[in-house]
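From first to last, the protein sequence lines are chains C and W. No gaps in the numbering here: position 498 of the first sequence is 494 in our numbering, and each next residue is one more. No gaps in the numbering here: position 540 of the second sequence is 608 in our numbering, and each next residue is one more.
Calculated from the structure, these hints are not laboratory results. Hints are not guaranteed to be accurate.
Stretch-level coverage of chain C by chain W, calculated; a stretch enters the list once three of its residues show a Cβ under 8 Å from a Cβ in chain W [what the hints assert, rightly or not]:
1) 99 to 111
2) 185 to 197
3) 212 to 218
4) 232 to 242
5) 451 to 457
6) 513 to 526
Cut-off 30 Å, straight-line C-alpha distance, at most; resulting in silico cross-link-like pairs (DSSO-like, lysine-lysine) [what the hints assert, rightly or not]:
7) C:408 with C:530
8) C:27 with C:17
9) W:417 with C:110
10) W:230 with C:239
11) W:399 with W:171
12) C:90 with W:455
13) C:408 with C:110
14) C:239 with W:90
15) W:230 with C:62
16) W:421 with C:473
17) C:17 with C:218
18) C:110 with C:503
19) W:293 with C:218
20) C:473 with W:432
21) C:522 with W:171
22) C:373 with C:239
23) C:90 with C:29
24) C:218 with W:90
25) C:218 with W:455
26) C:473 with C:373
27) W:230 with C:218
28) W:162 with C:218
We put the CB at the ideal spot given by N, CA and C, even for glycine.
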Amino acid sequence: MNYNLNKPATVKGVSNYTAFKGLLRLISHEKSKLAVALLATIGTSGLNLLGPLLTAYAIDTYVMQKQYHGVLVYSGILLAVYFASFGINYLQTKLMGTVGQRTLYTLRNAVFHKLQQLPVAFFNQNKAGDLISRVNNDTDKLNQFFSQSLMQFVGSIISMTGAGIFLFSLNVKLGAVALIPALLSLIFTRLLSPWVKKKNAANLKTVGGLSAEIQESLSNFKVVVAFGRRDYFMQRFNEANEKNYTSATAMGIANNVFMPFYSLMASLAQLMILAYGVYLISTGSFTIGLLVSYIAYANYFYSPLRQLAALWANFQTAMAGWERISEILVLENNMGTIETHARQEGAPLLEMQQVHFGYTEDREILHNINLRLEQGKTYALVGPTGGGKTTTASLIARLYDPVKGNVLLDGKDIRSYNAAERTRRIGFILQDPILFTGTVRENILYGNEEYENYTNDQLEEVLRAANLEKLLGLFEKGLETPVQSAGEGVSLGQKQLIAFMRAVLRKPDLLILDEATANIDTVTEKLLGEILDKLPATTTRVIIAHRLNTIENADEIFFVNDGAVTNAGSFHQVVDQLMHGNKN
Amino acid sequence: MKQPSGKEKKPSGIFTLLRPYKGLITLLVLFALMGNSLNLWLPKIIGQGIDDFSHGHFVYKPLIIKFGLAALLIFVFTYLQNIIQTYASEKVAKNLRERLAEKISRQSYAWMEQSNPSRLLTNLTADVDSIKLFVSQAIVSLVSSIFIIIGASILLLTIDWKLALVVIAAIPIMGTAFFFVLKKVRTLFMKSREIMDRLNKVINESILGAALINVVNAQQREYEKFLDANGKALDFGLSILKLFAGLIPVIVFTANMTGLAILALGGRFVIDGSMTIGDFAAFNSYLTLLIFPILVIGFMSNVIAQATASYQRISGVLHSPDMLETGSLVKNLEGDITCEHVSLSYGEKPVLKDISFSVKAGSKIAIIGPTAAGKTQLLYLLMRLIKPDEGTIRMDGEDIAAYESESFHQQVGFVFQDSVVFNMSVRENIAFSDVVTDASLEKAITTAEVKEFTDQLPEKLSTTVSERGTSLSGGQKQRLMLARALALNPKILLLDDFTARVDTRTERKILANVHRNYPDLTLVSVTQKIGAVTHYDQIILLMQGEMIAAGTHEELMEKSPDYVQIFNSQQSTSNYELQS
Chain C
-3 MNYNLNKPAT VKGVSNYTAF KGLLRLISHE KSKLAVALLA TIGTSGLNLL
47 GPLLTAYAID TYVMQKQYHG VLVYSGILLA VYFASFGINY LQTKLMGTVG
97 QRTLYTLRNA VFHKLQQLPV AFFNQNKAGD LISRVNNDTD KLNQFFSQSL
147 MQFVGSIISM TGAGIFLFSL NVKLGAVALI PALLSLIFTR LLSPWVKKKN
197 AANLKTVGGL SAEIQESLSN FKVVVAFGRR DYFMQRFNEA NEKNYTSATA
247 MGIANNVFMP FYSLMASLAQ LMILAYGVYL ISTGSFTIGL LVSYIAYANY
297 FYSPLRQLAA LWANFQTAMA GWERISEILV LENNMGTIET HARQEGAPLL
347 EMQQVHFGYT EDREILHNIN LRLEQGKTYA LVGPTGGGKT TTASLIARLY
397 DPVKGNVLLD GKDIRSYNAA ERTRRIGFIL QDPILFTGTV RENILYGNEE
447 YENYTNDQLE EVLRAANLEK LLGLFEKGLE TPVQSAGEGV SLGQKQLIAF
497 MRAVLRKPDL LILDEATANI DTVTEKLLGE ILDKLPATTT RVIIAHRLNT
547 IENADEIFFV NDGAVTNAGS FHQVVDQLMH GNKN
Chain W
69 MKQPSGKEKK PSGIFTLLRP YKGLITLLVL FALMGNSLNL WLPKIIGQGI
119 DDFSHGHFVY KPLIIKFGLA ALLIFVFTYL QNIIQTYASE KVAKNLRERL
169 AEKISRQSYA WMEQSNPSRL LTNLTADVDS IKLFVSQAIV SLVSSIFIII
219 GASILLLTID WKLALVVIAA IPIMGTAFFF VLKKVRTLFM KSREIMDRLN
269 KVINESILGA ALINVVNAQQ REYEKFLDAN GKALDFGLSI LKLFAGLIPV
319 IVFTANMTGL AILALGGRFV IDGSMTIGDF AAFNSYLTLL IFPILVIGFM
369 SNVIAQATAS YQRISGVLHS PDMLETGSLV KNLEGDITCE HVSLSYGEKP
419 VLKDISFSVK AGSKIAIIGP TAAGKTQLLY LLMRLIKPDE GTIRMDGEDI
469 AAYESESFHQ QVGFVFQDSV VFNMSVRENI AFSDVVTDAS LEKAITTAEV
519 KEFTDQLPEK LSTTVSERGT SLSGGQKQRL MLARALALNP KILLLDDFTA
569 RVDTRTERKI LANVHRNYPD LTLVSVTQKI GAVTHYDQII LLMQGEMIAA
619 GTHEELMEKS PDYVQIFNSQ QSTSNYELQS
């Protein structure tokens, strides 16, 4: 399955409308807050208009007639209005901001949650930096729109509609003329919006690219230093930076195209009203006084329209961000759980039946694999690098599904087990040990609910029972030794020890070790061997290793080469094969 | 050689950042002011037209020309202003990123280890973006707002200074509110940025650890970790919001109150005859003119606060001292290595204690020892990735710190324990240096037996590979790493557990190739397998940072019980390996 976000298989232009609908669905639980915020917006706009009206009235009637008492009364009323507007204004800003922040929160959670549901293949096809940019940057674009623009947007549309109706009710013909430029702006907007959105999308993509580049360079910094290639670091960075600059400038120019045009249209409207108004007056159906106020009213229509121009650009950015987020949200994990009760009798713990697999469609890695793993036995997979050992192991643990054929766990299709059940039964120590920043304790209990609430003493007891205490002794502060996900504070061998403890503590029925001890010294390795020997008699072990001593005690050895798995026979035969390449 | 452009400035305000862009900013402000003043002219033209009409000498043509011209000019000025605004802000952002990257690139590996890459990522993205927003939105608004406020204040003062003082008295109140909020909000912004770093880290770790998360079914746990960080981000966002949600109504309210004061006081003045009604009307209309820019400043204070916080973070990186001291010695290495009483610790934890040994040019030395003995660190010291706390490392008799960095690294090849693959073609990954020639590339590829697996790739050596891509197996990546080091045609080759992931047969073939094709190479090999190094000139046994023993295989077998123990642990298999 294609999970590459930057090379989507289905290129489909989503209209603003459908995209916006999808977005609204996601924040539907904020409906009541949005409604209150909307009311508050209308309230603020109303009160904002009321203030000047009252002031004007007070001046006209009381100041002019020198009745100071009336002035004071109106001042009192104004004070009340201003207090009310203070409260509502606070409410509106706060509610809208809260909706924005909560939307950001919900969106980020949704994206991250989706990321957690996607299979390993997804992460192999996408760059960390780009994903980070989608989770952090693109969601923030939506937040900005919600917290800053949405209410202004609504407010502007309300004022515009009101002013528009007013213009028509005063004089239909003049109203029609006054709104022609607005129609032109609308057409202009419709024509240009796709282009503007494209520029926005292109820019967000380069932001993702820049982020990916930085991420990669920073994590590979030691090679950059060791090979004296700081210039390379700069060159790659500059390229991404330049790309971002170009696309951002193009986006800025596109986003800013609306505002000047809308202003021009607003001016045009004034001119047209004047010209047509003069004509109307000359035909005797209009008066100068009305024309003067009509021009002023037209401003009530065009000022919010101008504001819309700026907001519209924000909207385009938000939609482009939303599109990038949706690209993740619409992805489906193609490795769901299937319903089946079919169970083969007398089946081994795990069986691979005529399994074919390739990471990409055009290149098959494993060809027709048949494998039976019995309970309690130890198996070894040997063979040259790149032969398909890790891939075979990954299929046993269902990191991927076969393209053809079946993997059966206890005689039942492995796809019919839910993730919790499957991972409880199958343990997999990966070739590259993975640590999370934290302590040794947190890392060996990672994903282990059983011991999560144990005290350190209790946990040490458990470790002792599992013969792991000696390994823990290799860490100077025991369970509380701090470790980092990256960096050299912990050696690769130590990381492998932690991964080993983590897997053993989970007590799986089937334990896969993929070169799990490759960087551990041979003395400690012996210790690990003893621990493996002391696992419950029912535990099946699958060991991938290059060191022959680690596979010496295997019950059965498989030779994996060129994507084919063959029974290798006795240990001596295997050694012969590996050392001298005598395959037959 | 590049000299650090060390203009050591004290961390300065965000406005100093704009100094190099004076020209652009001036132009920007100029266009904005021109557009705005022309905008004030439009109503006048219309008014004049109406006046003309009521006086009966209305002519369409000059009016339309005048008006059209003004409208077009406004269009041009606004668009130009917008373009310059975009251009200036993007330019500032781009250059700032460049400066940051340049600074980072000149740092040592140790610095990178200390500073948090997730934080650097936020610095280069979100932090720079806030500054960009500041340039594109805040500057024009601020300048024109201040312009209008000053202008309107002067006008007010000329009309009636007593009333004007009432209005102007409101400014310190608003100023205090701004000051109070900005002061509080800055720390909040700083903290919310730190949460952003944390989010980056959680996402990053969950991506790198995707396979493990799948294997132990820890999706929920990762999600909770993220929820926790994201929840904190939400809390900070809401606290910041609370402050601004308070600030803006306070500003509006204060402005409204001055309006009210004018009505009450001015009304009084008009009634008792000390002020004309015309002045009063003018006063009121200028007051409305004054309020809008104050509001704009209120909104912009958010952008400014955020940009200031971001700039403070960025300055932290920009002003961190250049740790990379480059020596200037350029010399062709022979390959003699001496370590004299070298010690190293990480924090309080000693990693290497008083290590001394020497290696003759062209000889082969192995370093063995248990996990976490300090083997990798010793190689890092030799590679100059880190500096010893005590002691000296010499190559050809010179302190390695004296060598010019680039030429030094071009003569010392390093094969890291974990594979680092760049997202580019296999060939580019191997030819990762300027000094690689076609011949040296070819030789490296043959020696590391790279073709054996690249021939199966769709585009052979030109196939693009990636770090987490599934295109290469662990052993193949390690061979690629070896080829990368060999392509330098190095005098000294440092191998860090190179053979761990490579099958025995290929390993032997490759090592034999290395010995044959690079006969003069000084080889320092960290390894777990004694069998492969028994014929080496020297074997050093490291345990917990201490050099337990050194000598040839035979010598160590005689005098070091620890060595014998390791040797015995490998016996069962070494037998087979030794047979052939």
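Self-check item: Restraint check for residue 230 (chain W) with residue 62 (chain C), where alpha carbons must lie at most 30 Å apart
Solution: Satisfied, since the Cα-Cα distance of roughly 20 Å is no more than 30 Å.
Quiz item: Within 30 Å, alpha carbon to alpha carbon, are residue 293 (chain W) and residue 218 (chain C)?
Solution: Since the Cα atoms of residue 293 (chain W) and residue 218 (chain C) sit roughly 29 Å apart, the hinted pair holds (cutoff 30 Å).
Quiz item: Between residue 90 (chain C) and residue 455 (chain W), is the straight-line Cα distance small enough, at 30 Å or below?
Solution: Not OK: residue 90 (chain C) and residue 455 (chain W) at ~53 Å, beyond 30 Å, violated.
Quiz item: Does residue 530 (chain C) lie within 30 Å of residue 408 (chain C) when you go C-alpha to C-alpha?
Solution: 28 Å, holds
Practice problem: Verify the coverage statement for the segment 513 to 526 of chain C against chain W, using a C-beta to C-beta distance below 8 Å and requiring 3 or more qualifying residues. | Solution: n = 9 at 8 Å, threshold three: holds.
Exercise. Verify the proposed pairing of residue 373 (chain C) with residue 239 (chain C), using a straight-line Cα cut of 30 Å.
Key: 56 Å, violated
Quiz item: Quick one, are residue 522 (chain C) and residue 171 (chain W) close enough, alpha carbons at most 30 Å?
Solution: The hint is violated at about 47 Å.
Practice problem: Take a quick look at whether residue 473 (chain C) and residue 432 (chain W) sit within 30 Å of each other, Cα to Cα. | Solution: 36 Å, violated
Quiz item: Does residue 373 (chain C) lie within 30 Å of residue 473 (chain C) when you go C-alpha to C-alpha?
Solution: The given pair, whose Cα atoms are some 36 Å apart, is violated under the 30 Å limit.
Quiz item: With a cut-off of 8 Å between beta carbons, are at least three residues of the segment 99 to 111 of chain C near chain W?
Solution: holds (count 7)
Quiz prompt | Distance restraint between residue 417 (chain W) and residue 110 (chain C), which requires alpha-carbon spacing of 30 Å or less | solution = Since the Cα atoms of residue 417 (chain W) and residue 110 (chain C) sit roughly 41 Å apart, the hinted pair is violated (cutoff 30 Å).
Quiz item: Are the Cα atoms of residue 17 (chain C) and residue 218 (chain C) separated by 30 Å or less?
Solution: Violated, at about 47 Å.
In the structure shown, a violation is registered for the earlier hints numbered 2, 5, 9, 10, 12, 17, 20, 21, 22, 24, 26, 27, in ascending order.
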